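Both chains are given apart, each in its own frame, so use the hints to dock them into the complex.
For the protein sequence lines, the chains are A and B, in the order given. Quick note on our numbering: the first sequence kicks off at 17 and runs consecutively. Quick note on our numbering: the second sequence kicks off at 7 and runs consecutively.
Among these hints, one or two may not hold up.
[Stated by the list, open to error] Derived lysine-lysine pairs resembling DSSO-like cross-links, with alpha carbons at most 30 Å apart:
#1 Lys492/A x Lys437/A
#2 Lys240/A x Lys91/A
#3 Lys426/A x Lys240/A
#4 Lys457/B x Lys436/B
#5 Lys131/B x Lys299/A
#6 Lys437/A x Lys153/A
#7 Lys323/B x Lys360/B
#8 Lys353/A x Lys360/B
#9 Lys91/A x Lys50/A
#10 Lys360/B x Lys153/A
#11 Lys360/B x Lys299/A
#12 Lys50/A x Lys240/A
By construction, these hints were calculated from the structure, which means they are not laboratory data. Please read these numbers as outputs of a predicted model, since none were measured by experiment.
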Amino acid sequence: MPSGQPGRWGRGRLNGAAILPPPLVGELQAIVGKDHVLWRHDELRSYEYDGSIDVGHPEAVVLVGSRDEVVEVVKLAQRYGKPVVPRGAGTGLSGGAVLSHGGIAVGFSRLRRILEIDEQNQRAVCEPGVVNLDLTKATTPLGLYYAPDPSSQGACTLGGNVAENSGGAHCLAYGVTTNHVLGLELVLADGSVVNVGGQAVDVPGYDLTGLVVGSEGTFAIVTKITVRLMRIQEGVRTLLATFDTIDDASRATSSIVAAGIIPAALEMMDGLTIQALQRAGHKGLPSGAQAVLLVELEGMPEGLSESTAAVQDILLQCGAAEIRTAETADERDRLWKARKGALGALGQIKPNYYLQDGVIPRTRLLEVLRTVTEVSERYGLPIANVFHAGDGNIHPCIVFDQRVPGETEKVVAAGGDILRKCVELGGTLSGEHGIGLEKQAYMTWIFSPVDIAAMLAAKRAFDPQGLLNPGKIFPKDTPAP
Amino acid sequence: MAVTEPKIETGHGNVVAESPGLQGFLNERDYEALVKCVHCGLCLNECPTYRANGLEPDSPRGRLYLIRAVSEGTLPVSDEVVDHLQLCLVCRACETACPSNVQFGQVMEAARHEILTHHSSRARKVLSWLFFRQLFPHPQRLKRIGQVLRLYQKSPFPRLMAWVLGRHLLPKKLERLALMEQMAPQLSARFFEPATERAPAQGERRYTVGMISGCIMPLAFAETNEATVRVLTANGCDVILPRTQRCCGALAAHSGDGDASADLARANIEAFEAFGFDNLDSIIINAAGCGAQLKNYGHVLQDDPRYAERAARFAAKVEDVSEFLARVGLTAPMGEVSRSVTYQDACHLVHGQKIRAQPRELLLSIPGLDLVEMRDASRCCGSAGIYNIVHPQMSMDVLDAKMENVLATGTDCVVAGNPGCLLQFNLGLKQRGHQPRAVHLVDLLDESIQKGVAAGREQ
Ligand SMILES: Cc1cc2nc3c(=O)[nH]c(=O)nc-3n(C[C@H](O)[C@H](O)[C@H](O)COP(=O)(O)OP(=O)(O)OC[C@H]3O[C@@H](n4cnc5c(N)ncnc54)[C@H](O)[C@@H]3O)c2cc1C
Ligand code: SF4
Ligand code: SF4
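Just chain B, with the same shape it has in the complex (with noise of 0.2 Å):
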């Protein structure tokens, strides 16, 4: 029978070997939060990509390991250890789980910077450049990809393409691609271009905010920034929407790109300098993912001494749309909105900044609104940025499991805070013959404060 050696003989079974500590791959800060994870896998259950194919290389506690031993030397970054750690969703459901607060987020986008800079193809280095440096920080010329793509989407070649996948005549690669083309956003009619940079409170005004604008946001949901904007005033907001306001990093951080997403943070601050930070009461996001990344401003550029000081002061003044109104509180007239929904914790609401409670409170205030809970509705639904573009098999997997628990709920609209959920969403009402009714929070509130106002008119 093969033997394996075991590492110490000390009559106490196999007891674990002395670690040789940090060799490299990680900088020491990062490596400290990494080694804070005592291998206890009380993550493990709330790990969608482990629940899903019940690999522990999959689970949390498996990445991080797997980390761990690249970090000290006893494990080489083969393709393997790779495939493992980009397969995480990072979704930081593990860090809601985890009693030791590791920061798994931290650590996961540190090891991807690595990665991406030293063990990564020519060609998935020239993709992340294209997209994180040329693409999405330049709104002009996402605008006009949109143009581009808005053609294409009116074209019959969607729906074509949808047959063809729908009878499976495609090879294999092919049907992939295929896939990417469902996946992709439905743009909106137009592109989101506020045409001042401030929108004024209507009635009295209460409170100053600035408002990130996105970049996914204004392609895909023009009409949800338009209606923030307008719940935002409607409730005595002035809102100030500065022009050379970029991406706001998160989707460059999440691959990898640390360096980008500095730049695009600097450039941001500076904007918002531009109109005072003491003059806005809260710079407000209605993207969770976003929101988790501006937050997290002061950590991203901690080590840039001309910037950490005013990185923390913005940080510390980002608040999600849905986190600001329940703080102030609504005063805006409701109308009723008689539907049945279920709420949805984006990953980056709930397991990033810690948000459950507003979101509900908010839709219960609508008149007329039935909230009808799903089971976990705080797990991840597998859009995760790019993830679903990049992973479709595993993206399409979690999914499954997401709506099952929102049709057992008997209704089909989802409220979820994220653009990317709400992509997600629509794919999965569509792939199983519903009509995509995924909205945003503040969709819902702004149809009620349209009715609410059109009624006080009638009176």
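Next up, chain A with everything else stripped away, as it sits in the complex (with noise of 0.2 Å):
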């Protein structure tokens, strides 16, 4: 890779001869328009990463206006026998749209039409550029929303929440990305489109919907998502309780659980987490708390005092120091904002974030926190703990620089320890992240090699030449399919 010093350079151009297009981007630019392709090296640049740690070069980016466009693109990829990755908004977390293989990055911005509200049905048929927190606000008027919220959701796209099977706060209750998608429409590998599932949650034959949720852009290209909106609930009550120990923290969230309450949402966040919003400005929050739990409960208003009673009191038990309620729409909202601003507010402490995913039962939560701690120290690396309590989707987050030499592969070493406890504790990789490129190495401790084999069996029935997204999910030394 030329990594030149500044200096100037002519447009496309390289000491002084002209830089031709390649034939692939001529081919792709005859495709979509010459507007939509980026092929020169120092454009490219800024497609190597996405929200995670991971880097990689794509050899051209393609932006498509049309699903007929993404066909003629797959196959102009099959006949250059170039690797063709799916990006959305490219705030993945594992790696999921980074090119490691090279190849062609399809891009999605431009589809971001929300094609169809069916308000009597409670549906919505979407472009995959489509940003989550759109649809929400488009629906919002009728009283309806989309349910998955990542904390995210005011970037990432319809299309990156299907490939990960992306799910948010508000998911402990109202459940992850699948169960809100009603139907795809699929480019396959070799162009051909179908359309699966329905305007149901259930459909005859195979559930290959379902099968494509998840499947991180390695099955199939999704060029239309029909999704599930709900109703608004009448009330809602937001609390935040403040703590001075994360156990205390963690012993509230199971507490609550055990009750038998499902609130709507039930986040928690520690000490270094409020540190970093605090200096980004976010105000509102309390000082010097090591940790607060952010609980939402929602429904009826004769029920939802009786269930915000019972829960303030398992917080006081718990030994919650404050708890503050938020009284107007507007505190709710900046509440929010925080808890969904906190893993970008961590670039106040350092530039650089390493999260994991990981999935414990949440019994454990106690002992796995004490880990997080344990490594912490161990390696000499702040890690900042804000995650989904309620269904025991841990994020501890390490903080790093990368310009600090070595610091990136304890960062990396550090990650696994933790998610190795996370297994260790009968838990799993990922909770709604996906595997990526980012835990693909960790696969084989919870996979057999049949179940492996298994997966891969899956994978060649849709991509036999294995172009969609190569390089991903699979150990690397996964035979190629």
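So, in structure tokens, the structure goes:
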């Protein structure tokens, strides 16, 4: 890779010689138009990353404008034997949209129309580039919303959500993406177009929708998504409980769930996270707290007061130093803005983060968080905890600086140690961010060779040539399909 | 199959390479502001240029990543990089969206400064010198240019041009020029030149305030400046208008001429100091872009030991006219203005100064006025200083998206607190066959107060 010194290069020229687009690029331009293809090295630098710590360089980026263009691009890639990697907003946290094996990045940022909102049947049909929150904004006036709400919902796309089977704060009560996707239009590896699923949750035949949701762009390219919309609940209460120790907060989490209460959301943030948010200018968080729980309850007004009182009791019993209730919609928004901005705010502490996504049985929360503290001390790396406590999906976030020699490797090792503990405790590698490049090496911890062979068989059935998002999910030494 | 070599083989995918740290291009301070970006991408959907073309290098994250690569020496300052950086509107919507509080505006200005001084063609440098050193800082020159332009605008040429443009009779290159002509502001009938340096309060004096008259405002919006003085005096303010004040330097700073903007900052500080900072309750500005720059004087002059402290004091006094009026409350009698309007959050008010509630509050205090909110009122209109002249295509794409939301409200009267936005909206309205009815908030307040005063006199 030419890592030139800052200097002056001519447009499309390197040392005076005009760089002509390679034939592949010329053909891509013919399909989607010149303005929608990037191929010059310098411009491609901005496509080498996503939200994770992985990098990889594409040979070209195309922004498709229709399903038919996707079909043409896939056929072309097949002819050239080039990998095709779909890309939504590039907020993924496991390197899913990173081109580790070169090839063509197919961006969906132009396909962002909501095609249909069916108010009566509570459904919407969307292009894959529709931003998660934009769908909710468009349906709010009808009293409807799209339930899965990843913290990145202001930017991430439905296509990415489908590929990663994303969750969010409110998935504790309402389920993750797969519970809300009714049907998909797909472009397969050979360029054929199929529709799977339908208008209802259960359709006859194989549940191919369920298979494709969470397949991380390795089975097919999603070109249209039919989702279920939910009615906005009448009543909502949002509480913020402050704790002096993270142990108390963990205990409170387990106790709430043990009491049979399912809050709409139950989120934890630790002291370091709160510090970061405060530095980034977020207001209304308790200074000096070691942990806070953000609890949201929804429902009919009558039942709501009752469950709120019950939750408050438990929080106090578990040692909450203070409980605040959001009195206005503004206050509630502010709390959620802080929670959803927590990861980004860590930039105030260090310029990089490496976020883990382990899942553990809820009852083991205390143990795993102690391991996190222990790993943090052992490696001398600060780790922030901000996560969906209610469903045992932890997000220890190791903050670091890629400018410090050797730190990146240390960080990867520390992350591995935490994940191993999750697995030992009877948990698993990923709750919602996918395996991608980041966790493929650990797949053998939880899957036997036979398990992996079964998955590989599915992959071969969809993509015999291995062109769709290659090099992901499966451990590196797995024979290519 | 072509396979790119992964950078580090760890078995954990392709982990990011060790970064070499700052090698040049930015100074330490701006670089540290830049590395607070963790490339989470949460800003993408708020960026008007990314929304328009979907390209990562035209998103805030992409731009910051390119700037970082350049300052770490792993990317040359190639034309492609420069193009993506120049296509930024510096609307700072990404700052509002960013959970890490990355000071994007600061970083981008620093990068543009570097580009202008070390990586620009001669022609660009001359143009910049002409505009930001020879033209905007000199009110008299602006006034003279205004006289010439006014003659042109009264002539039949502009209408002829619109006719030609409408029929696509021009070659592409010329069409772009012609579009620029259409975008040029309709100038005010006269130049804003207050007769005295102190306009006295009507009735009892409550406050003494300074007022910045700006460089574009006196030329294209003389009436709005006059209205601002009237509204302030009607609400019990003595208004000080120092003759020696100059352009605030925002346009120069956005284009990367930091030195020119610092000179202007010094001149303005001196102009107001002559009246004694302590005697002024506020320094008022009615243009959002200027306000954001004036409030930033502390930063602009932080390395100038003679001015740093004075600049900080000056900046602390600056308030947007809406901010000030909402803070002190309106006392003048208000008459009915029965009209329905929609409000556009000028970028440099809402993102640059976090002013969102005050203008709406003031609008709602006008009897008879109906405020219809548009969708995404805080998204840029594509005007952005001289952006619409330099990047007409992107500017029009951004405007198209905006006008759709405006017209969906059912009103075509747009209220905004910045001259650039008003010009842009008037263009958008004209292009769509509407009367150019974009107005400044103070124009409406002024109308209401004049009616209120007249009604009081009748009784
Ligand atoms: C600050 C932050 C907070 C986050 N919070 C959460 C959270 O709370 N919960 C959660 O689950 N995730 C979270 N994430 C992770 C991420 O936002 C999700 O995984 C999201 O779904 C990715 O969407 P995207 O559009 O950015 O996809 P990308 O990152 O662009 O792509 C992700 C994967 O989807 C594939 N893909 C994209 N579009 C298509 C398509 N049309 N067809 C087929 N495959 C496709 C890509 O190939 C890739 O493998 C967070 C990320 C960040 C940065
Ligand atoms: S500018 Fe802020 S929001 Fe945008 S990618 Fe960087 S850290 Fe995230
Ligand atoms: S300043 Fe505006 S145009 Fe520039 S990157 Fe930020 S949001 Fe985009």
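**OP:** Could you tell me which of the hints above the structure violates, numbers in ascending order?
**Re:** 3, 5, 6
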